[in-house]
Amino acid sequence: MNAHAILTSHGWRGTGHTLHAHNDQIGIAKPLLVKHKKDNSGLGTSNIVSDQWWLSAIDEQLKGLDTTSGKPVQTVKTGMIGRLDRRVQRYSFDVVIIYKHLYIRIPSAPKKRNQR
Numbered sequence: 001m002n003a004h005a006i007l008t009s010h011g012w013r014g015t016g017h018t019l020h021a022h023n024d025q026i027g028i029a030k031p032l033l034v035k036h037k038k039d040n041s042g043l044g045t046s047n048i049v050s051d052q053w054w055l056s057a058i059d060e061q062l063k064g065l066d067t068t069s070g071k072p073v074q075t076v077k078t079g080m081i082g083r084l085d086r087r088v089q090r091y092s093f094d095v096v097i098i099y100k101h102l103y104i105r106i107p108s109a110p111k112k113r114n115q116r
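In our numbering, the protein residues as written are 1 to 116.
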């Protein structure tokens, strides 16, 4: 990709000029330098995975499914899922098995009743 050709096709006058069409006093003539990041430091790079609560919650939910009748029925209401349901209703989720595939359905937040 040739950035010089793209910019000149949009009206740029060339090296040493700003992106303004007529006045070099508006804008900057030197390109911005981008710092290339070579490491993984920053947000979300922690390698600590000791508390995989979501994995144990899904595992509990799957172990509690009774599929002998052809339709999956949740039999376990305690554990991590039960605690999540009691604490925050809008963050609860259901595990649904359809044609041997695992789907996690996240319902929308519960609707508030009209207050008088």
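Hints are not guaranteed to be accurate.
Unchecked claim - Derived CB-CB ranges, DEER-like:
no.: 1; residue 1: Gln74; residue 2: Trp53; range: 42 to 50 Å
no.: 2; residue 1: Met1; residue 2: Lys38; range: 52 to 60 Å
no.: 3; residue 1: His4; residue 2: Lys37; range: 22 to 30 Å
Claimed, not checked - Calculated lysine to any residue pairs in the SDA-like style (CA-CA distance at most 20 Å, straight line):
no.: 4; residue 1: Lys30; residue 2: Thr18
no.: 5; residue 1: Lys30; residue 2: Gln52
no.: 6; residue 1: Lys37; residue 2: Gly16
In case anyone wonders, no lab produced these hints; they're calculated from the structure.
In this text, a Cβ means the ideal position worked out from N, Cα and C, and glycines have one as well.
*asked:* Taking the earlier hints as the rules, which of them does this structure contradict?
replied: 1, 2, 5, 6
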